[in-house]
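Same order as they appear, the protein sequences are chains A and B.
The first sequence begins at 0 in numbering that gives the first Met the number 0 and counts up by one.
The second sequence begins at 0 in numbering that gives the first Met the number 0 and counts up by one.
I should point out that these hints are in silico values taken from the structure, not numbers from a laboratory.
Source: prediction; values computed, not measured.
Be careful, since some hints might not be right.
Stated by the list, open to error - In silico PhoX-like pairs for lysine-lysine, Cα to Cα no more than 25 Å straight-line:
(1) A:K329 to A:K169
(2) A:K329 to B:K87
(3) A:K169 to A:K179
(4) B:K34 to B:K281
(5) B:K35 to A:K329
(6) B:K35 to B:K64
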Amino acid sequence: MSDSKLFHRQARPAELLIRRAHVLDPRAGVDATHDVLIRGGEIAELGEPGGITAPSGATVIEADGQHLFPAFVDPHVHLRTPGQEYKENIETGTAAAAAGGFCQLIAMPNTSPTVDQVSVLKALTAAAGEQAAVPTGFLAAITIGLQGRELTEMAALSDTGALGFTDDGKPVVSAGMLRKALQYQRLAGGVIALHEEDPDLSGDGVMHEGAVSARLGVAGIPSISESTMIDRDAALARYEGARVHFQHISAVESVEALQFWRSTGTRVSGEATPHHLTLTDEDLLGLDSNFKMNPPLRAEADRQAVIEGLRTGVLECIATDHAPHARHEKEQPFEQAPMGTTGLETSFMAVYTALVKPGVLPLSLVIERMTSGGALYGLPIPRIAAGERANVVLVDLERDWVVGEGGYASRSHNCCFHGRRLSGVVELTVAAGSVVFASRGAGITTPSPEEVS
Amino acid sequence: MSRHLISIDDLDRAGIERILDLARSFAEVSGREIKKVPALRGRTVVNLFYEASTRTSSSFELAAKRLSADVVNIRSAGSSVDKGESLKDTVQTLSAYEPAAIVIRSPWAGAAQQITHWTDAAVVNAGDGKHEHPTQALLDVFTLTQALGSLEGLNIWIVGDVLHSRVARSDILAFQRMGASVTVCGPPTLIPRQIDALGCASQDTLANLREADVVYVLRMQHERMHDSYVPTLREYAQRYQVNLPRLRAGQLVMHPGPVNRGVELSGDAIDSNMALIGAQVKSGVAVRMAVLYELLVGAPVLQAVA
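Start from the sequences, fold in the hints, and give me the full structure.
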């Protein structure tokens, strides 16, 4: 696996001694207190607690009581660049990722213009190479302008750096069009990721169809809008021997569909968002537009199914679907406001607080699912082991953040967890060997890009 | 009662009863030759209507005027709203006049709740999308208590397009809160999935309509036909029209208006002595006076005394 399709600005390699951290990397089989020495941006040594002497020039971080994990991977973010930089840009979006503990991001192509041409993708990867704090990869569109009518030059886009293809934000409505894309995947490579929704069934729905939409009189999006398309597209993928990934799974019927198609040996995978894992349509009773997203927050039974899917691995990874929107856009009546929530700065905290702390999911499983999203697209999985490039996140599980207090790193503030008290504050993020985020308490400052060059 | 009236859920049974008591005394005022009391003299009520409305807007206007308030009526057509001004900016602009209350009708669910963040005025929801229309439900309850004394133990059927009806949602809550049991009935395409979560029963046909003490008929909008919610209005009328052959003596018939005569309700039913439709309209002014009084005068006075 290679990270040659990840782009970020060059930064000074980290020289760090992290002392007495509880290191947890389930894949590397590490779950103990260690000193961790990072030299020249590489993990040099995992030693006994208190056993490593700081070399000259290394910053020492006293991490008693804190946890060191492999840094997180988010295979589904919207950086809104090019064209909607008033919502987010590469710099602010990747700063939000750094603050959330991420070392790899995959950005969606539903920008303006759409990432459907080699020239657009080239400009974007070049910009990321100068502005991205966190290594970022890109998906290109399946169809021109996400219109579902003409295929993009998938092979050329793949050669230019696309990790895969998606019309995310929209489904590929035409089965015939998707079939051609799946056939073409044999040439272009890359995973085809699908936002599943039948526009006829969704209609003018803006929230989950169920008891809460009945109470609110707001048009609903039925669960079957998602699951029927998963069934259709998994059948196509099986027929064509293609590889598809289903984005932001929200409904019990969808988890069941994925389970079935996996049992047939079809190459399908799925992702779960922190908000679908932790919130339900009950949170919409106040019609706060920060809870409006697509797919919508569904009922408690759906949430439980998504949690089970994550536990059993039918859903391989956690993905935020970080979807920033400007304040004036969200400050409209619920039905008019755009869909989406930011998520990069709260992803781990939300899942940790709602699922790990009460004992629903083990911490080690959450760490695996928080780090596996890139591997689906062929990216290397961050590991804490000597000789590895340093991709680590230091977290204080005991420390809380009232979400939004002190502001966000993201340019947009439309976070569905706004105002909630969440545990598990990120103290330090090292991505691709460099410190990209340090909290004020961590005793280290993040180098600005100017300092580095 | 909270400072605003957004939803029937803002009111417990005692709160509803307090408004009914007030409405009874204001109904008495409406019976006088000079239909005016000085309760809101010197205070301003803004009626902000983003949707066409005849009876709701006129009755709110009359209610405020009979309480001696200064009234400003804003309609979306021809106003700055037409020029693309956001709801937030419109509300903040109007709030510069320091109104005591803003009465808002919006095509969007949650709009009334939302503007409470942008104004110091008390906000009254005069209908927000398909969500709620609490003053309609209060006047319906008032009309029924005037006719029958109480709703306790009544069996009320709500018939028609429940899916698109804010009146239905507020009525289901209000009728149940006052001790009635509610059954909704209509084409399965127009009954929301999981409507039973609101505590009501549901029926697909009018076969058992005779069980009802009160039949509340909803307006059937023509555009529903184009969206294939019903194949034709003729078929709808055949299956769901409330008419004299389907009613039994002693039942009461209500409708929020405007009626499509001959579609959801037959002419003979409208004109029969079973119909409370005229009484509903008449109740509108007294109940809206009561709501404005309760929000702007009643509660603060009680708090000041306590």
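Hints, verified against the model:
Under the criterion of a C-alpha separation no larger than 25 Å, the hint pairing K329 of chain A with K169 of chain A is consistent with the structure, at around 20 Å. Between the alpha carbons of K329 of chain A and K87 of chain B the distance comes to roughly 11 Å, so the proposed pair stays at or under 25 Å and holds. Distance restraint check for K169 of chain A and K179 of chain A: the Cα-Cα separation of roughly 17 Å lies within the 25 Å cut-off, and the hinted pair is therefore satisfied. Distance hint between K34 of chain B and K281 of chain B is fulfilled; the C-alpha atoms sit about 13 Å from each other, no more than 25 Å.
Between K35 of chain B and K329 of chain A, the direct Cα distance comes to roughly 43 Å. Violation of the 25 Å bound is thereby established for this hinted pair. As the CA atoms of K35 of chain B and K64 of chain B are separated by approximately 7 Å, the hinted pair is consistent with the 25 Å bound.
In summary, the one numbered hint that this structure violates is 5.
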